[in-house]
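Chemist: Below, each chain spelled out in residue letters.
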Amino acid sequence: MGVINVSGSTVEATVVISDKGTSYAGASSLTLLNLNDISLTNTQGTFRFQTLDSQSESVVTTVATNSVALNLVIDEAQFFGTGAGSSPVIEKGLFGTSNNKTEIDFRIYFEGTSVTGNKYIDGTGFITGLTPSVNPGSPLWVTPVTIEVNGELTEGANS
Amino acid sequence: MAYRSTLLTRLQTDLATGNISVSTELPYTSGSDSLNIKNMKTLYLDQDNETTTQNQQFLDNGSVDQKETTIQAFVSVDAKNPPADLDTRIASIQSAKSSVANVFVRECETTTEIESDILTYTFEYRFVTI
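Chains as they are written, first to last, in the numbering used here: chain A, 736 to 894; chain B, 5 to 134.
For the record, the hints were derived by calculation from the structure and aren't laboratory data.
All values reported here derive from a predicted model rather than from experimental measurement.
Heads up, some of the hints might be wrong.
To be verified - Listed next, with one range per pair, are the computed distances between beta-carbon atoms:
#1 B/Leu30 with A/Thr851: 53 to 61 Å
#2 B/Asp64 with A/Asn834: 25 to 33 Å
#3 B/Ile134 with A/Phe782: 48 to 56 Å
#4 B/Met44 with A/Leu875: 39 to 47 Å
Unchecked claim - A few chain A residues that don't get close to chain B, going by computed Cβ distances all over 10 Å:
#5 Gly737
#6 Val751
#7 Tyr759
#8 Thr781
#9 Phe784
#10 Asp788
#11 Ser802
#12 Gly818
#13 Thr837
#14 Lys854
#15 Asn885
Said to hold, decoys possible - A few chain A positions that, by computed beta-carbon distances, are all more than 12 Å from chain B:
#16 Lys755
#17 Ala762
#18 Asn777
#19 Gln779
#20 Ser789
#21 Ser791
#22 Val794
#23 Glu811
#24 Phe814
#25 Asn835
#26 Thr851
#27 Gly886
#28 Glu887
#29 Gly891
#30 Ala892
#31 Ser894
No residue lacks a Cβ here, since even glycine has one placed at the ideal position from N, Cα and C.
This is chain B alone, in the form it adopts within the complex (with noise of 0.2 Å):
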């Protein structure tokens, strides 16, 4: 199951009111610049990536594979002029990770860069089940 949309739900109704909201567009890049860019205090959230490792390995050639997924979010907003309730925001884009029912490994990682006048939050989900 994708655990995008599952994120994506949970976000829509976190972000419902505010000052930052959520779009169901992938993070493209529109021009030069990409939309998170183009359309700042709106969150943008990329596809899936999975990767499938070995969690246990076994003498008889048979293991556990567990299945490691990450889901990037960005969101760009005004570093002159943020917003009055972004770090609250930001708490709800972080505490979506509460959504995804049936991992044993669930966190989110939060990255922050400013270019020019420009403050990105980059968010990455990582899920772990067996």
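Same shape as in the complex, but just chain A (with noise of 0.2 Å):
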């Protein structure tokens, strides 16, 4: 119980994104460099309807949908791949992985990844929204990242 703190050395907010079904192999996937922020979205559709006997309206859910946004500071090896090597996410990168549409697995670890029993959450989905930026102001170049969410979200803790 208690507020989650990611100020610690060991428990900091984590992005891992992997190959689809590669189970987040060291070989297989990247953990996002220079996170400035994480925003995951799990929204829940809804029906709404009325009653001749309320005089409120009712509500149903529906499907949700699911979304994982971040922004960061780039990296070049990141963002543009190693170029070379037998996993999609680490040879093309970010910007590969967008613009081929290749579905990746993400994990999101609320209190970093090495702390037994600490928790995360994952799913399977695209990279979009990727709008790399810079200007005299701030000469670094920084985007977004969307993960569209393919399916559900999964809970999860570090074993």
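Dock the two chains into a complex; use the hints.
Modeler: See the structure below:
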């Protein structure tokens, strides 16, 4: 119980993307660097209806829309990929994975990757929403990244 | 690298002619008067002052730091009888900021103050680098 404080060195909020179905193995995964912020969205669809016996609307839930949004300062190797190897995520990087519409697995570690029992949420989706930008007053390339989730989000804990 | 020496080199070139010169001395106080009051129409450039702050802060406890360097310069002239080329020389002093390379902010703010019959210009150069 308690708030989740991510300022400690072993409990940093972390995002890992991985080739689909590779179980986040090191050789097929990228731990995203230089993250400014992360937003996880789990929006339930709703259907509202009115009945003659009630003065207020009722609601039922429908399917959820899930997505992950984050902002990062671009690391060249992660954004453009290494250009070599058998892992599409590592070889193509964020841009190639988005441009090729490659489906990926992702995992959001709420409290770091190393402490047993700490929570994460994972799923599968597509990288989109890349908008690299730079300006003279802030001369580092930054970009938002969106992962449009395909299907369910799953909760888990570090083992 | 100290930007003072870069500025000084440019100012020595740009102020080689005209009614305002530049000194290599720091603007210390001699007796009761600062040097720019004692030696009017001479520009004195102070040392670099540096501040390091975080330009980008990351969730993994990392950061990209930026270094802000400010340098002040002072020149005083007779307020009743300023040099004829004062405006031109002031512009040269301000434009000396462009001599500093590899920074993403280069600015020069100028303020004036009149005390008795002495008009003092204070220039604050500001440079920011990642």
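Chemist: If a hint holds in the structure, say so; if it does not, say that too.
Modeler: Going down the list of hints, with the structure as the test:
For the hinted restraint 53 to 61 Å between B/Leu30 and A/Thr851, the CB-CB distance of approximately 59 Å keeps it satisfied. One distance hint, 25 to 33 Å for the beta-carbon pair B/Asp64 and A/Asn834, holds here, with the actual separation near 26 Å. Judged by the Cβ atoms, the range 48 to 56 Å given for B/Ile134 and A/Phe782 holds: they are separated by roughly 51 Å. Taken as a hint, the range 39 to 47 Å holds for the pair B/Met44 and A/Leu875, whose Cβ atoms sit roughly 45 Å apart.
Distance check for A/Gly737 against chain B: the nearest CB is about 19 Å away, which clears 10 Å, and the non-interface claim stands. For A/Val751, the shortest C-beta to C-beta distance to chain B comes to about 12 Å, beyond the 10 Å cut-off, and the non-interface label holds. For A/Tyr759, the requirement that its beta carbon stay farther than 10 Å from each beta carbon of chain B is met, with the minimum near 17 Å. Taking the minimum C-beta to C-beta distance to chain B, about 32 Å, the non-interface status of A/Thr781 holds against the 10 Å cut.
With a minimum CB-CB distance of about 42 Å to chain B, A/Phe784 clears the 10 Å threshold, and the non-interface call stands. Chain B leaves A/Asp788 outside its interface by the beta-carbon criterion, the shortest separation being 51 Å against a cut-off of 10 Å. Separation of A/Ser802 from chain B is adequate, the least Cβ-Cβ distance of about 18 Å exceeding the 10 Å criterion. At roughly 25 Å, the least C-beta separation between A/Gly818 and chain B is larger than 10 Å, which holds for a residue marked as non-interface.
For A/Thr837, the non-interface assignment is confirmed: its Cβ lies about 25 Å from the closest Cβ of chain B, beyond the 10 Å cut-off. A cut-off of 10 Å between C-beta atoms confirms that A/Lys854 is not in contact with chain B; the least separation is 16 Å. With a least beta-carbon separation of about 25 Å from chain B, A/Asn885 lies farther than 10 Å from that chain, consistent with its non-interface assignment. Annotated as non-interface, A/Lys755 keeps its C-beta farther than 12 Å from every C-beta of chain B; the closest such distance is 25 Å.
Annotated as non-interface, A/Ala762 keeps its C-beta farther than 12 Å from every C-beta of chain B; the closest such distance is 21 Å. At roughly 20 Å from the closest C-beta of chain B, the C-beta of A/Asn777 stays outside 12 Å, upholding its exclusion from the interface. With a closest Cβ-Cβ approach of about 27 Å to chain B, A/Gln779 is found to remain outside the 12 Å limit, as its non-interface label requires. Distance check on A/Ser789: its Cβ is at least 46 Å (rounded) from any Cβ of chain B, clearing the 12 Å threshold; non-interface status holds.
For A/Ser791, the shortest C-beta to C-beta distance to chain B comes to about 42 Å, beyond the 12 Å cut-off, and the non-interface label holds. Non-interface status of A/Val794 relative to chain B is upheld: no Cβ of that chain comes within 12 Å, the nearest being about 35 Å off. Here A/Glu811 stays apart from chain B, with its beta-carbon at least about 14 Å from theirs, past the 12 Å limit. No Cβ of chain B comes within 12 Å of the Cβ of A/Phe814; the nearest lies about 15 Å off, and the non-interface call holds.
The claim that A/Asn835 lies off the interface holds: its Cβ sits roughly 27 Å from the closest Cβ of chain B, which is beyond the 12 Å cut-off. Distance check on A/Thr851: its Cβ is at least 20 Å (rounded) from any Cβ of chain B, clearing the 12 Å threshold; non-interface status holds. Look at A/Gly886: its CB is around 26 Å from the nearest CB on chain B, clear of 12 Å, so calling it non-interface holds up. At the 12 Å boundary, the C-beta of A/Glu887 stays outside the reach of chain B, the nearest C-beta of that chain being 25 Å off.
Every beta carbon of chain B lies more than 12 Å from that of A/Gly891, the smallest distance being close to 20 Å; the non-interface claim holds. With a closest Cβ-Cβ approach of about 20 Å to chain B, A/Ala892 is found to remain outside the 12 Å limit, as its non-interface label requires. Listed as a non-interface residue, A/Ser894 keeps its Cβ farther than 12 Å from every Cβ of chain B; the least gap is roughly 22 Å.
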